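Build the full structure now, drawing on both the sequences and the hints.
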Amino acid sequence: MFHTETKGELARMMPESECCVLSELSAIARSCGRVEIRQKDGGSDSVFEIRTESAASARKIMAHVRSVFKFKPKVRFTHRRGRRSRNQYTVELPYNTETLEVLQELGVVSQKKDGVTLRNGVPWHLLTRQCCLRTYLRGVFLARGYVQNPEKEYHMEFMTDSLDHAKGIVRVAESFNVTPKIVERKKRYMVYVKGGDDVAQLLRVMGAHSAVLTLESVRVLRGVRGDVNRVVNCETANVTKAVDAGLAQVEAIQKINEVIGLRSLAPGLQEIAELRLANPEMTLRELGQMLSPPISKSAVNHRMRRLIHLAKRLNGKAG
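Here the sequence shown stands for residues 9 to 327, where the numbers follow the working numbering.
Treat the hints as calculated values from the structure; they're not laboratory data.
The calculated SDA-like cross-link candidates involving lysine to any residue, where the alpha carbons are at most 25 Å apart (straight line), are:
(1) K249 <-> R314
(2) K120 <-> Y103
(3) K82 <-> P102
(4) K121 <-> L171
(5) K80 <-> A64
(6) K78 <-> M21
(7) K80 <-> R20
(8) K160 <-> N241
All of these numbers come straight from a predicted model, not from anything done at the bench.
So this is what it looks like as structure tokens:
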């Protein structure tokens, strides 16, 4: 499956610099993270959870958390049964003062009077380099992104629950000469692009080079199929046109024969008329080559027009 393979390829890519680790973790935590309050004996306990359905993404998140937070996070695995059976990996961070401070520095959460909430926008202070813009986009895609199989259509999307965050994702993409659109879907916002060029460009930006090769191969095949179909359609139209013209010529000649007889025609017209009646499937060029001496396609066409014109005149007199 193209989508799964693309996410797997991106999940296995580890940032080379610390700044890119921060930007990618920020994108993932903002896109699929949340504060979970759990009731315990005599009180409650809070954790910050980052959820993913991909084992490769879970391993990447754990590596980033160890690097940034300096501790090994807990991971829970659950398997949901039903119509849409799926695995879910939950990376848990203890929700304490130290964790909150780092999440704020990453631009994931904001501290307000009524509590802590996910930040609406994009943490531009982390995205001062091109490499960080790339990894942020990759993080959002790993967390809440989707790409359609190019054999069906060219479509890529990023989902978020914040309009400000959606606008920020658009700005990140625009820095790479791609301008996505935003549409609201059930209180969520989808940032999306359509068209092979834009999808391929974003895949390149995020580093999904194998996916780009697959997409470009599909584009070439689709282009070849399109060219073949256009040629076939053109040839079919030409054949249909030639057959219709041949039938009209035969009908005109038969009318002339019924009313005045072909022997009353000038020798050149009589000769081509008899040839057409005997060979209704031939092209004008082939008919011209059968004459002695041979004549051109345009000369045959000129004689046919004279025969059709005569048949129309005879039809008028008969009426």
